[in-house]
Structures are given as structure tokens and as C-alpha cells.
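Asks: Chains as they are written, first to last, in our numbering: chain Y, 1 to 345; chain W, 1 to 345; chain B, 1 to 345.
It should be emphasised that the hints constitute simulated quantities derived from the structure, not laboratory data. Where hints are given, some of them may not hold.
Repeated chains share a single entry, so a pair holds when one copy, or any two copies, can fit it.
To be verified - Result set (EDC-like, lysine to aspartate or glutamate): computed pairs, CA atoms no more than 20 Å apart in a straight line:
no., residue 1, residue 2
1, K145, D133
2, K317, E32
3, K63, E48
4, K154, D164
5, K330, D314
6, K299, E338
7, K280, D128
8, K196, D169
9, K148, E15
10, K323, D311
11, K54, D21
12, K337, E327
13, K29, D164
14, K101, D127
15, K196, E228
16, K299, D340
17, K29, D283
18, K317, E327
19, K29, D79
20, K196, E247
21, K324, E130
Here are the chains, one letter per residue:
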Amino acid sequence: MQITAREIAQFLGGELEGDPDIILTRPAKIEEGVPGAITFLSNPKYEEYLYKTKASAVLVDTKFKPSSKIAATLIRVPDVYGAISRLLSAFNGVGDIERVKDPTACISHSATIGEQVAIGKLTVVEDDAEIGDGTIIYSQVFIGKNVKIGQNAKFFPGVRIMYDCVIGDNCIIHSNTIVGSDGFGFSPDSNGHYSKVPQIGNVLIGNDVEIGANTVIDRATLGSTIIEDGVKLDNLIQVGHNVVIGEHTVMAAQVGIAGSAKIGKNCVVGGQVGINGHIKIADRTSIGGQSGVMGSIKKPGTNIFGSPAIDYGDFLKSFIGFKKLPELMKQLQKLEKEVDRLKAE
Amino acid sequence: MQITAREIAQFLGGELEGDPDIILTRPAKIEEGVPGAITFLSNPKYEEYLYKTKASAVLVDTKFKPSSKIAATLIRVPDVYGAISRLLSAFNGVGDIERVKDPTACISHSATIGEQVAIGKLTVVEDDAEIGDGTIIYSQVFIGKNVKIGQNAKFFPGVRIMYDCVIGDNCIIHSNTIVGSDGFGFSPDSNGHYSKVPQIGNVLIGNDVEIGANTVIDRATLGSTIIEDGVKLDNLIQVGHNVVIGEHTVMAAQVGIAGSAKIGKNCVVGGQVGINGHIKIADRTSIGGQSGVMGSIKKPGTNIFGSPAIDYGDFLKSFIGFKKLPELMKQLQKLEKEVDRLKAE
Amino acid sequence: MQITAREIAQFLGGELEGDPDIILTRPAKIEEGVPGAITFLSNPKYEEYLYKTKASAVLVDTKFKPSSKIAATLIRVPDVYGAISRLLSAFNGVGDIERVKDPTACISHSATIGEQVAIGKLTVVEDDAEIGDGTIIYSQVFIGKNVKIGQNAKFFPGVRIMYDCVIGDNCIIHSNTIVGSDGFGFSPDSNGHYSKVPQIGNVLIGNDVEIGANTVIDRATLGSTIIEDGVKLDNLIQVGHNVVIGEHTVMAAQVGIAGSAKIGKNCVVGGQVGINGHIKIADRTSIGGQSGVMGSIKKPGTNIFGSPAIDYGDFLKSFIGFKKLPELMKQLQKLEKEVDRLKAE
């Protein structure tokens with residue numbers, strides 16, 4: 001891709017200082033700027049790089065005042081971080097896939113495929129599946145019987161969507177992630193042998209949901225496991241059967257949520273957190289990485305940490321005590337001796 | 001599927017109260033009952049829903065005494081939970097797959113395929129593999145050289161069974177799970193560079209084992225990694241090389257077991273537990289979620305918790321102390337001052 | 001495979017005691033030795049098995065002095081552990097794959113494929129990809145646009161290498177692992193809704209790197225996520241965007257590394273460890289299993305443990321205190337009473 005600084009400034013609604021005709025071919029980090037690159041300064045601690053970068057253009061804040069001479073063309077924008085995101089989109093060619101059904105894909109005659117859909121090589125689309133307009137399914141994906149997928153979704157290679165699951169518009173699902181595997185349900189007999197409880201529910205995913213790679217979302221035993229609009233899940237996450245994740249909640253990698261837990265809206269869940277089954281987490285709860293949440297969180301906006309998880313501030317205070325425990329034990333021993341001596345006197 | 005209440009009652013061996021000819025089309029949770037649904041009451045705290053459900057039929061305990069009028073047809077059974085499981089199976093159509101070898105599957109001429117086997121689209125079956133009668137292999141699965149699979153097994157899309165592994169009867173393996181990847185074995189040289197120790201063992205899986213999605217079971221360095229009869233493993237679990245998991249042990253999602261650990265029979269392992277390599281866990285051990293088991297557990301029936309894991313009751317008592325640590329530190333400081341004052345007197 | 005003890009001794013440069021013509025067909029553990037097997041004694045605690053093994057040959061240390069009569073042929077070598085590794089390689093037939101491009105693979109005409117390359121069934125190689133001499137790509141793999149792979153690499157079934165990623169020589173990647181999925185980057189608006197920050201960087205993997213099964217390595221937002229030479233990663237690991245992992249660092253299963261963390265060289269990271277984003281870990285750091293590393297580690301060779309992680313020895317001392325907390329609370333209460341009594345006197 002080749003574009004001039006003037007065109008980028010127009011695209012971003014920014015003001016240009018310097019050569020408007022300089023050709024830009026790729027974005028780069030400011031410390032890695034090379035001729036042809038467009039870069040940006042959003043974090044002030046990188047300002048030193050601005051004066052020595054070899055990049056051809058730099059996005060800066062409208063109000064930025066340089067303390068030295070700058071060789072690169074500047075493009076001033078009111079919101080550098082937002083502008084970067086739009087800039088990266090402009091240079092991101094991954095969506096430019098030809099909208100064809102590859103002849104090596106196995107697509108059932110009873111499937112309903114919308115307009116401008118791409119279906120990649122060796123992908124399987126089973127009976128009665130529906131794929132909405134503009135959706136891109138990459139290679140080697142599995143779309144099971146009676147699955148419904150909305151518009152403008154994007155599924156990367158190796159994604160498996162099992163029968164009866166429903167996925168909304170604009171969803172992105174990364175490689176090898178599974179939607180609709182069986183929930184983990186067994187009933188033990190008196191000998192300690194387990195028999196399978198059939199899992200005949202499904203998974204419902206709203207609009208604008210993004211799910212990372214190698215994540216698993218189990219179908220409900222009965223009813224639906226539900227991922228609401230705008231949820232963002234990272235890689236290698238486990239979502240148990242009948243879980244509900246509320247709108248616009250984000251979860252970092254390797255989180256595990258046991259069956260039937262209900263997570264509120266706008267929660268932020270750190271990496272490797274474990275959430276117990278059958279509990280409720282209030283809206284806007286923030287959970288620190290590796291925490292283990294054993295009971296329900298009732299008050300919205302609560303901040304918790306630790307395994308088992310407690311109030312974040314309380315955990316930090318207790319952890320200071322934990323680090324001082326060897327010293328505390330010595331103090332206690334010394335005190336005991338002193339008290340013994342006082343008693344003997 | 002359409003079935004009358006009378007037929008369901010006969011199938012479950014239950015007694016019917018109400019309209020025997022009412023048509024039932026799907027199971028549902030009692031709080032989500034709609035006309036045509038058959039639902040159930042097993043947990044007494046849901047009893048209120050029984051009196052207002054719109055479901056056409058409800059399974060209840062033989063001895064259940066309603067406290068108010070019920071519109072739905074009742075089917076009385078001695079074991080509601082067991083009956084639900086049988087009911088769900090009856091409505092679960094996923095196994096109703098046509099028993100054909102799909103023409104897009106790549107099946108070696110030297111593979112031995114039993115009767116009534118289904119092999120899905122774009123599945124690969126390599127040389128000398130054996131697949132027992134009644135087994136269903138879904139689409140896009142990989143069955144490596146010399147793999148042996150028993151009867152009536154079911155492998156979902158994207159499962160990979162590597163060369164030489166052996167899997168028993170009635171096993172279910174969910175999507176994208178791997179059996180027989182190399183164990184993690186390296187020998188360091190004096191420069192801190194690692195060279196690979198070849199992993200030439202295999203994995204042996206017994207009968208009636210179910211393994212969730214995106215789980216990994218490594219092959220042994222030499223000999224076999226062993227999963228015994230009736231074991232149930234959830235999603236995203238790591239089983240290292242030469243591990244043995246005893247009969248009828250169940251493990252929740254994201255558990256990690258390091259190489260050569262031996263886990264007993266009838267153990268229950270919570271989610272995200274880590275188990276150290278080369279240790280032995282006694283039969284019927286119960287391990288709380290996120291615990292880290294560093295040493296062997298010798299006494300059967302032990303209940304442990306924490307990272308590092310200790311006796312469950314002891315952990316809870318110590319954790320009470322952890323939460324009180326800031327207060328304990330203040331008490332200790334106050335005592336020190338008081339003792340100093342007493343000494344000065 | 002059939003080979004004589006004499007041939008094995010020559011291959012390993014060892015001295016032979018016993019029947020040089022005995023036929024060896026497979027390696028085995030010393031406690032599982034059967035006629036035809038070659039086994040080894042490296043750990044002295046297994047010496048008892050040496051005198052009763054039915055194996056046909058045993059590798060022992062050059063200096064080993066038996067305390068009793070041995071039926072098996074002995075092969076004496078200076079480094080038993082190193083010899084085992086070479087022995088296992090000799091018996092390991094998995095690399096003996098025919099070097100052909102399978103006709104069911106979908107290989108772009110613009111891809112560049114080296115000499116002696118194997119490409120398995122139903123594998124996809126997209127436009128402008130490059131695969132070096134001697135590399136083996138198994139079945140059902142995805143190699144995206146413009147991916148560069150070095151020589152003598154080995155990729156197992158279901159691996160997905162996304163567009164623009166670069167992988168060095170002699171790398172091994174196990175089943176269903178993903179290289180180059182999008183990093184987890186979103187910018188929130190004032191309503192708590194998230195919009196995607198495009199991830200247009202790539203992943204750079206050096207030479208001699210091995211990556212386990214079902215692991216995920218995200219591409220950089222800009223620039224590269226970097227895995228340096230000789231790194232060994234186990235199964236189910238999460239590597240976030242823009243992470244750097246230094247040369248010859250090893251990580252056990254289920255480790256999670258948040259975005260932009262920089263891990264030093266020759267580090268050893270235990271299973272299920274979590275590493276915070278944007279921190280630096282010094283060379284030769286050792287991190288105990290399940291630890292949570294919240295801040296940078298500046299001193300090379302540091303040994304840490306716990307969640308949050310602190311110095312290893314300090315953690316153990318504090319954990320002794322944690323276990324004694326119920327007792328400490330009682331002691332403290334008793335002391336308080338005694339001091340009260342002394343004050344009253």
C-alpha cells in the first residue's frame with residue numbers, strides 16, 4: 001500500500017506540517033521508524049525518539065509543542081490513540097479476501113449463504129446452516145448443522161461451531177476456538193462411576209463479540225450459554241455450560257468460568273482468573289489476574305484480588321503481613337519471653 | 001421430535017397425572033417452560049415455578065406433594081435426576097449421523113474400519129489405523145499411523161490422534177483435542193542450550209473415557225501415558241508425558257499435570273489445579289480449584305486446597321488468619337508497647 | 001527396526017559386555033524390560049531392576065560397578081542420559097515421512113517450496129508463502145499468506161501459521177498451535193464499549209524453537225512478537241502481543257504472558273505461571289509453578305515463587321508462617337490476656 005501524507009491527514013482529519021507529498025508505505029513504532037513509515041507519539045516518554053526518527057511522518061497531538069527540530073512530516077490530530085487505530089485499519093489488508101466460495105469447501109445444499117460471503121478452502125458447512133451477508137469464513141473451519149451466523153463476521157482457520165449455535169453480527173473468532181462443545185455434566189452412581197448427562201442446549205453469541213484463539217465455549221445442558229453484545233474474550237479461555245457473560249465485559253487469556261456462573265456487564269477479568277460455578281458477579285466488577293472467585297459479588301464496581309479472592313485493598317494489606325510473617329513470628333516469640341520474665345518477677 | 005406424555009412416561013417407567021396425549025417436542029428448564037416443553041423439578045427451591053410454568057409436562061419425584069394447583073401434566077419418577085439424563089438422551093439427535101465414509105475423507109487402504117462406522121468430511125485416517133464398530137469420527141479429524149480406536153467411540157471435529165496411540169470403547173473426545181503430542185523433554189548442555197529427548201512412547205486410553213475440547217495428552221517418553229477406564233477430563237487440560245490417571249477420576253477445566261505424576265482412582269480435581277511431576281496422589285483425593293499440589297498425597301480420601309496445597313480445613317483456618325493479618329500486626333505492635341511500658345515500670 | 005547390540009554400541013561409542021549379536025527391537029524402561037528391548041540405568045534408585053530385568057541389553061555408565069550378576073548384555077557409555085536421547089532418536093520413526101506434496105493439499109502457485117519438503121493431506125499453503133528445504137508439514141495445517149518457514153522444520157496436524165509470520169530453521173510446532181492470531185487490543189469509549197485496535201504486526205520465531213500443542217502466540221500490534229533461538233514452550237501457553245522471549249528460555253505448560261512483557265535468556269518458567277504485561281524479566285530468572293509475576297525482575301538469576309511472586313526462600317518462610325497462623329492468633333490472644341493481667345497487678 002502506498003499513500004501520501006496529505007491523504008492520511010485528510011483521512012484522519014488532521015493538520016499537516018511538512019512535506020504533504022511524501023509517500024507512506026507502512027505504520028511503525030517510533031523507535032523503529034524507517035523511511036516510508038508513518039509512526040506516532042502518544043506516550044510522552046518516547047518524545048526523544050521524535051527528534052531522531054527516520055520515519056517519514058509522525059502523528060502527534062494537536063497541542064504538542066516540540067522542544068527541538070523534527071525531520072519528519074507531522075500530522076496533528078486531537079486524539080492520537082484513536083487515530084492510530086484508524087490508521088492501522090487503513091493499512092490492515094487481512095480483510096481483503098476474495099468473496100468466493102472455494103471449490104474445495106464442502107457446503108451443504110441446504111445451507112443458506114448470504115451475499116458477499118467468503119468460504120475458505122476445505123471448510124465444512126453442514127445442513128441448514130445460515131451465514132449472513134459479508135461474513136468471511138477462512139480455511140478448514142467447521143460450521144455444524146443448523147448453526148446461524150450473522151453479517152460481517154470473521155472466523156479464522158480451524159474454528160469449530162457445533163450444531164444449533166447462534167452467533168450475531170460483526171463477530172470475530174480466532175483460530176481453533178470451539179463454540180458449542182458439550183458441557184461437563186456427569187451423574188455419579190453408588191460405585192463412583194459417572195454417566196454422561198446429555199448436553200442438548202446451545203450457545204448464543206450476541207453482536208460485536210470477539211473471541212481469541214483456542215478458547216472453548218460449552219453448550220448449555222438445557223437452554224443456552226450466553227455471550228452478550230460487545231464481549232471480548234482472549235485466548236485459551238474456558239466458558240462452562242449455562243454461563244452468561246454480560247455486555248461489554250472483557251476477559252484476559254486463560255480465564256476459566258465454571259458452569260452456570262452469571263457474569264455482569266462491563267466487568268474486567270484478569271488473566272488466569274477462576275470463577276466458581278453457580279455464582280453471580282455484579283456489573284463492573286474488576287478481578288485481578290490469577291484470582292479465584294468462590295462466592296457471588298453483589299456490589300457493582302467491586303475490585304477483588306487473590307485466591308480465594310477478597311477486596312483488592314484488603315488483599316494488598318494482608319499480603320504485606322504475609323511477607324512480614326517470619327518477622328512477626330520472631331516478634332511474638334520475643335514478646336512471649338519478655339512476658340514470661342515479667343510474670344516471674 | 002414429537003412424542004406424547006404417555007410415551008415418555010412409559011419410556012421412563014413413571015406414573016402419569018393429567019393429559020396423556022399432550023404432545024411434547026423439547027425439554028426445557030422449569031423457569032423457561034413453554035407449551036410443548038417437558039421440564040422437571042429436582043431442586044426444591046424451584047418449586048414456585050411448577051405452579052406457573054407454561055410447560056406441557058413436568059417430571060417430579062414419586063413422593064412429591066404439590067402445595068397448589070398445577071396446570072401441566074405430571075410424570076412421577078423415583079429418581080428425577082436420573083430420569084432427566086435419560087430424557088435428554090432421547091431428545092438428543094447429535095448421534096444420529098449417517099454411517100458412511102465421506103468421499104472427501106482420506107482413508108489409507110491399510111486402515112481397518114469396522115461396521116457401522118461414520119467418517120466425516122476431510123478427515124484423515126493414516127496407514128494401519130484401526131477403528132472399531134459403531135465409532136463416529138466427525139469432520140476434519142486426524143487419525144495417525146497405527147492408532148487403534150475401540151467400538152462406539154465419538155470424536156468431534158479437529159481431534160488429532162497421533163501415531164501408535166490406543167483408545168478404548170465408548171470414548172468421547174471433543175473438538176481440537178490432541179492425544180499423543182510429544183512430551184516436554186529436553187536435556188540441557190553446559191551452555192544452557194537444550195536438545196530434544198525423543199518421545200517414542202504412546203498414550204493408552206481405557207473404556208468410557210470422555211475428554212473435553214482443546215485438551216492435550218502428551219505421549220510417554222518411553223512406555224505409555226495412561227488414562228484408565230471411566231476417567232472424565234474437561235476442556236483445556238494438560239496431561240504431561242508418562243502420567244497415569246486412575247479409574248473414574250474427574251478433572252475440571254484447565255488442570256495441568258506435570259510429567260510422570262500418578263493420580264489415583266476416584267479423585268475429584270477442581271479447575272486450574274496444578275500437579276507437580278513425579279508425585280503420587282492417593283485414591284479418592286479431592287483437590288480444590290486453583291490448588292498447587294507439590295508433594296505426594298499418601299492417605300486416600302484426603303481433601304486439599306491452596307497453592308501450595310495443604311489440608312482443606314487447615315487452609316481455611318489459615319486463610320482467616322491471612323485476612324486478619326493487618327489487624328494482628330496492629331495488636332502485636334500495641335502489645336510490644338505495653339510490654340515495654342511494663343518493663344520500664 | 002532390528003539392530004544388534006554390537007551395532008548400538010558402535011553407534012553410541014560404548015563398550016560392550018556380553019552377547020554382541022543379540023537382536024534389539026525397541027527401547028523400554030528398565031522396570032518394563034522384555035526380551036528384545038534395550039533399556040538403561042541412569043538413576044541409581046532403579047539399580048535393583050538391573051539384576052532381574054528381562055531386557056536383552058542395558059546402557060550403564062562407564063564406571064558402573066554391578067553388585068550382583070546381570071543376565072543382559074551391558075553397553076557402557078560415559079553419559080547415559082545423552083546416550084538415551086541418541087538411542088531414542090535412532091528408534092524414532094516419526095520423521096520417516098515420504099517427501100511428497102500430497103495431491104489433496106491446496107498449495108498456491110505463488111508459494112515457494114524447497115527441496116525434500118513434505119506437505120500432508122488437506123494442508124493449505126497460501127500465496128507467497130515460502131517453505132525451506134527439508135521441512136515437513138503434516139496434514140490439515142494452515143500456512144497463511146506471505147509466511148516464511150526455514151529449513152528442516154516440522155509442523156504437526158492442525159497447526160495454523162497466520163499471514164506474514166516468520167519461523168526459523170529446525171523448529172518443531174505441535175498440533176493445533178497457532179502462531180500469529182490477533183493480539184488482545186481494544187480501546188474503550190466513554191460508554192464502556194470497546195473497539196478493536198487492528199493488529200498488523202507479525203511473529204518472528206528464531207531457529208531451534210519447539211512449541212507444544214494448543215499453544216497460542218499472538219502477533220504484535222505493530223512490529224513483532226519475538227521468540228528467540230532455542231526457546232522451548234510447552235502446551236497450552238499464551239504469549240501476548242509484542243512479547244519477547246529471550247534465547248534458550250523454557251516454559252512449562254499453561255503459562256500466560258501478557259502483552260509487551262520482555263522475558264530474558266535462559267529463564268526457567270514453571271507451569272501455570274502468569275506474567276504481567278509491560279514488565280521485564282532478567283536473564284536466568286527461575287519462576288516456580290503457578291506464580292504470578294507482577295513487576296519487573298532486575299537481577300539475573302533470581303528465583304521467585306508465589307502469587308504475587310516474591311523471593312523463593314522468603315515465600316517458603318512466609319508460607320510456614322501462613323500454616324502457623326491459627327496457632328499464632330491463639331498465642332497472641334493468650335499474650336494479650338497475660339499482659340492485661342500484668343497491667344492490672
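Asks: If a hint holds in the structure, say so; if it doesn't, say that too.
Replies: Results for each hint:
{"no.": "1", "hint": "K145 <-> D133", "verdict": "within (19 Å within a copy, 24 Å between copies)"}
{"no.": "2", "hint": "K317 <-> E32", "verdict": "neither (41 Å within a copy, 45 Å between copies)"}
{"no.": "3", "hint": "K63 <-> E48", "verdict": "within (17 Å within a copy, 63 Å between copies)"}
{"no.": "4", "hint": "K154 <-> D164", "verdict": "both (19 Å within a copy, 19 Å between copies)"}
{"no.": "5", "hint": "K330 <-> D314", "verdict": "between (24 Å within a copy, 15 Å between copies)"}
{"no.": "6", "hint": "K299 <-> E338", "verdict": "neither (46 Å within a copy, 40 Å between copies)"}
{"no.": "7", "hint": "K280 <-> D128", "verdict": "neither (35 Å within a copy, 50 Å between copies)"}
{"no.": "8", "hint": "K196 <-> D169", "verdict": "between (34 Å within a copy, 15 Å between copies)"}
{"no.": "9", "hint": "K148 <-> E15", "verdict": "neither (45 Å within a copy, 39 Å between copies)"}
{"no.": "10", "hint": "K323 <-> D311", "verdict": "both (18 Å within a copy, 10 Å between copies)"}
{"no.": "11", "hint": "K54 <-> D21", "verdict": "within (17 Å within a copy, 70 Å between copies)"}
{"no.": "12", "hint": "K337 <-> E327", "verdict": "both (16 Å within a copy, 17 Å between copies)"}
{"no.": "13", "hint": "K29 <-> D164", "verdict": "between (44 Å within a copy, 17 Å between copies)"}
{"no.": "14", "hint": "K101 <-> D127", "verdict": "both (16 Å within a copy, 17 Å between copies)"}
{"no.": "15", "hint": "K196 <-> E228", "verdict": "between (28 Å within a copy, 17 Å between copies)"}
{"no.": "16", "hint": "K299 <-> D340", "verdict": "neither (47 Å within a copy, 40 Å between copies)"}
{"no.": "17", "hint": "K29 <-> D283", "verdict": "neither (36 Å within a copy, 25 Å between copies)"}
{"no.": "18", "hint": "K317 <-> E327", "verdict": "both (16 Å within a copy, 10 Å between copies)"}
{"no.": "19", "hint": "K29 <-> D79", "verdict": "within (17 Å within a copy, 49 Å between copies)"}
{"no.": "20", "hint": "K196 <-> E247", "verdict": "between (32 Å within a copy, 16 Å between copies)"}
{"no.": "21", "hint": "K324 <-> E130", "verdict": "neither (61 Å within a copy, 57 Å between copies)"}
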